[in-house]
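Could you build the full structure based on these sequences and the hints that come with them?
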Amino acid sequence: MDFNDSPTEAAYREKARAWLVEAAAAHRAEHGEPKPNTPEHMAAAKAWQARKAAAGYACITWPAAVGGGGGTPIESVIFGQEEGKAGVAYGYFTIGLGMCVPTVMAFSDTDTKKRFVSPAVKGEEIWCQLFSEPAGGSDVAALRTRAVRDGEDWVINGQKVWTTGAHYSDFGILLTRTDPDVPKHKGLTMFWIDMRDPAVECRPIHQMSGGREFNEVYFSDLRVKDSQRLGEVGQGWQVALVTLMNERLAVGGSAGPNYREVLELARALPGEDGPALSNDAFREKLADWFVASQGLKFTRFRTMTALSRGQTPGPESSIGKIISANQLQDLANTAVEMQGEYGVLTGPEAAAGAAFQQSLMWAPGLRIAGGTDEILKNIIAERVLGLPGDVRVDKDVPFRDMPTGR
Amino acid sequence: MDFNDSPTEAAYREKARAWLVEAAAAHRAEHGEPKPNTPEHMAAAKAWQARKAAAGYACITWPAAVGGGGGTPIESVIFGQEEGKAGVAYGYFTIGLGMCVPTVMAFSDTDTKKRFVSPAVKGEEIWCQLFSEPAGGSDVAALRTRAVRDGEDWVINGQKVWTTGAHYSDFGILLTRTDPDVPKHKGLTMFWIDMRDPAVECRPIHQMSGGREFNEVYFSDLRVKDSQRLGEVGQGWQVALVTLMNERLAVGGSAGPNYREVLELARALPGEDGPALSNDAFREKLADWFVASQGLKFTRFRTMTALSRGQTPGPESSIGKIISANQLQDLANTAVEMQGEYGVLTGPEAAAGAAFQQSLMWAPGLRIAGGTDEILKNIIAERVLGLPGDVRVDKDVPFRDMPTGR
Amino acid sequence: MDFDYSDDQKFLKDEARKFLGGRCPPAVVRGVLDDPAKRYDAPLWAAVAEQGWLGAAIPEKHGGLGLGRVELCAIAEELGRAVAPIPFASTVYILAEAVMAHGTTAQQAAILPRVAAGELIGALAVSEGPGVLTPSALSARVEGGKLSGVKIPVTDGDIAHVAIVLASEGGKPGLFLVDLTGEGVKRETLESLDPTRSVARLTFDGAAAERLGGAGEGFDLVQAILDRAAVLLAFEQLGGADRCLEMAKEYALGRYAFGRVIGGYQAIKHKLADMYVKNEVARSNAYYGAWALNDDASELPTAAAAARIAASEAFWFASKESVQVHGGMGFTWEVDCHLYYRRSRQLSLVAGSPRLWKERLVSELEKKNAA
Amino acid sequence: MDFDYSDDQKFLKDEARKFLGGRCPPAVVRGVLDDPAKRYDAPLWAAVAEQGWLGAAIPEKHGGLGLGRVELCAIAEELGRAVAPIPFASTVYILAEAVMAHGTTAQQAAILPRVAAGELIGALAVSEGPGVLTPSALSARVEGGKLSGVKIPVTDGDIAHVAIVLASEGGKPGLFLVDLTGEGVKRETLESLDPTRSVARLTFDGAAAERLGGAGEGFDLVQAILDRAAVLLAFEQLGGADRCLEMAKEYALGRYAFGRVIGGYQAIKHKLADMYVKNEVARSNAYYGAWALNDDASELPTAAAAARIAASEAFWFASKESVQVHGGMGFTWEVDCHLYYRRSRQLSLVAGSPRLWKERLVSELEKKNAA
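Residue numbers (UniProt numbering), protein chains in the order written: chain A, 1 to 406; chain B, 1 to 406; chain C, 1 to 371; chain D, 1 to 371.
To be clear, the hints were calculated from the coordinates, so they are not data collected in a lab. This one's a predicted model, so the numbers in the text were calculated from it and none came from an experiment. Using N, Cα and C, we set each Cβ at its ideal position, and we do this for glycine too. All the pointers check out, no bait thrown in.
Below, a sample of chain B positions facing chain D; criterion: calculated Cβ distance under 7 Å:
{"hint": "1", "residue": "Asp-139"}
{"hint": "2", "residue": "Gly-340"}
{"hint": "3", "residue": "Gly-365"}
Quick look at which bits of chain B chain D covers, simulated, 3 or more residues with Cβ under 8 Å:
{"hint": "4", "stretch": "266-278"}
{"hint": "5", "stretch": "327-337"}
{"hint": "6", "stretch": "382-396"}
If you want it as structure tokens, here you go:
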């Protein structure tokens, strides 16, 4: 029961840290600190990824033969921690390298792998994942994007939604319906596609939080070759499960202000009787948030311990998002309410740079993205506790005949 | 939007109050204040019921011809309020007159009605309701008590559970399974039975709270005549629904200490810094309990208004028990925890006469009796909001073939 | 026992709903939301004035309809349901109610007819910064009838004609009526969580100020004004919460997942049942508040606090969980969920946070129980 | 990174579970519950002593096994899971730990070997009535080495041989070791929410008292003792909470309603998922507490508070909702749910309520963040 690295881990950490210090300095000298969502930022990100790949620090657990580091999961975690401390980290590659490219590696031929894996590892090409649709949110397999065979090609029409990074991605993996006459899970097929094809159109989604980080993606007679198929025709769901299983290992980043920030806010705010921080009701909430945050932090440590011991962590990590997303909403709301009428302000005069107001508007999305509270609780109940799944009325019905209401 | 009686209601209230003052005095002079669960208490209760019946204050909404008061629902509510204030009220008749006898009235022949209704109104005979079984809690219709036809008789074997007042009841209405080869709701039949029959055995249930207020009731070759049948063979579920619909109108009594008692406790208890009542976190809870309690009180007023206007209140009253039972548990626990280590004490030295500790042990039962939180939320969702019922896998399966696990 | 709207009041409420259904559909709310230059919907304001709503509770002699407060509650409930983007609360619940309760005959004669006619928008200027304003921290000052100081934020401060301003005079806190269109007033519109309701920074530099109510009673008067406003705001919150439940229910009945409507899943059903329970608790407490307000009962402080606490909780819960029931769609700008989510925050913040009202409620209960 | 039990510790824990499965089935717990004369299960106590658990963390030179605190945590987790009706907490987490941390060499030599051998039961006597005991209210007094006063309640006070008593001496609060079998001690067994754990009123009238730790440090020492005990108690609570979840899950998988197991309904599934989440948060915080305890880290006050808060919340939630999942059966005396419901209350009350620990935690955070 301690937090120290094993000697091997410590050695790896030391090596990684040394490399990072030098590499980060060189990287900054070359690229500066460009603003997010600019071409310069993307260029810097790609350069950093290439630099890591050259040193064996990109895709650490992948074989060196495909450009990876040939290392262990715990090494990957350690490098991630040190990279965070070094202050250079870009999010553009997470979905591609975490979910899409592993799927390509698992389900394509040698040529395709050769064509795509190494460029992705080096950051030369970015991938996105095209699964969610308006008609199938929690129920991914209810998707309607149709792929119809035409000789050696497939012709694709339909729409995806909530696609992260569609507008800057070069390629995507696309789950389609190829047979609506069989039950829904059996009529799906996966393809990789070129996102630059003119038949692919990205439109940003205007979120309730005001931002536009996600996309709708439309396909109008998009033509792909049968060789772009990943897995067998009708086996798309099995392929998608592999993709989604890899999602679990992607580590969720920090989600906004936590107990520390709200403690600081309350210390400065006048309450009825001394600073707001002296209110016992607020203090109890603060204690609860701290305990939950520590709980999540140490649960991650337990996951790392499992990795360190060579075990595979289970779906237990689902607890993280349920807690953190709900807590963010509660914490942000408490911080805003504590300000009284002033709490409505979101401009330059807002307290704490309007961080709490922004979190308040973002939290509802966080509670939905990557699985609603309800879906995550189902996962815990079914996969961790072994309780039965819901009664499924859609298992044996041809997709075409399923009620949809719209 | 006011709390005053209409002139008619005020006149009725005045008349009732005048009668109650005199009647209660006379009743007390004759019976004193016997301890609950004694023969004297039962005798007093029966005498009070007879006195009310003679004056038209028993079963106020029932026709005078059967011994009732020939009055309106709002008169019944008004009398109940005044009776409460007069400090004489006994619970022995609630289930019989609220649920069982109305069922007898609805489903039996003239002779049976003549035989039973008037004695019940006068408190001469007490009824209980025999529906729940070990195998069918929330799922009442899953019951297994078998009634088998034998000439003009039926022979009944099986077990009921959680039967209130079985040990002091004279008669009961009993829901049985007469045909296990049809789906579960279709094979039920209702009877009235004599609780003094030697083939009926009552055993008190030892509750986790320590008390023994409820019973298990066993039937060993209980023989009843076909004329004791209420409704048609196989129509027992329809009959039971009438019984249960009447349950809704039975007013839930006070359930233990409320915000006022815990406020008083906290005023007297030392906290970290002044009395426990000065703790803001406690004060917020107190405010929440007050608001919820007032919410329930005024929701009852809204129900009374509907009655007063001649409307039928809906299943909205289900919100009452969800709130009050959960609140009782939270309030009791808060009051106990506030005492620190001393809170474990339940003997004569316990704070507030151990009322909070008793409530803490009773509240889990209150959350189950008359419908668990989950069942009540289903009722609200389905009957008030019109959402669909659960997928039912048991609708068309013969009862005999239903999986039960035990 | 008559603890509900009367038939006449129900008729008024139904008519109000129809009226707002036509004049204040979501497109009108979005017109204000999406246009930073638009601080409220002026045509709706004019139409509401024409309906007589602004003067619903103002006596006939001052040009109002002379109805009771319960009628005003019925209107408030419908305005909340429609997320109406107009300064109704500031003008009617606060300015008009305050002047009726605490104004001199002259002040009433000067202000009430203009409110009833839709010529005057009001505002309440108390806050000077984040957190609770205590008497010792109050910095706005009146000297020789001239007000100086900064108030931030002031809801509707940029569009109001008259503000009630809390300021100290001779070391004592008082309330003052200030003509915001006169000299010595600088107004700046500020960005807000709920852009469909306007907020501003008001900077006073020698603005003419006339006292409302007694000298030194400023903080007590603010509380008295907020007690009345709290009941009316509770009805707006209740209307909003009801609409959130309806929207969530409609969506849950139309949206399919795994071959059946999501409204058939217990997790969704129970979430909606929870909303229903909270809304009913809020409704019952609001009705009690309406009675206390209408009868000017001594129970008003307790009733107002309970109404506000229950309604704030119900609207917050319903607005945030309605987003969740709508899933990804609920998080988009196009779907109306966020109009209610934003408004639920605005309404909870505008007259003191639920936490302050809980403290006020318990203080009242302590007093009552001690007696 | 090695943030879990080691293989050896897991082995110890598995063995403990097997041992308690055989020696402490529910029948043994009920033996104490149902017999007012029985204050603990003496055979189990003897067997536990024989296993060496009483001295698990006591140095070998004092007759213990000299293992670490993490091993003791593993044992605590299993004791909590089994609702063991023995004075383990009072004797091991409190008396032995306190004497190791604050006792003189002589006191250690006198007490620790007897604890390890199972010859000595301990108790902590602080409370003098309901609510928080503040220094000014402390009424127990020591004069000339003789203790007088009343302590109520004292967990295990009627069966203990030695108590650590908080009393003032010369106007200063101190801790004192008192032989409860000696002169001037009157003990009365009291009724409790959890009859499987004993409580008593102790009346001292000139009982011999020997100071433990420094003069005037009584309250600080109590807190230091409770910091250590809180971590170990958190593991008992965690073990209990885990067992509640298991019981609820097993019942939900075997009980049918409407033709399918109730464990297939979302309302039950999500309730169990909520339990799981709380238990995992409690486990992670408890592990951190174990580390801080074992390493005598400066983080102990924070870690102990967090462990206790999370574990109290988890056990309360799991024990009360497990009753609900069991439905009517869960409310009967025959089903074991109430053993856990009662113990969850006992464990939350015995070392200070969660509310006090939250206050302590936030005070620590304030200090840390100020620095």
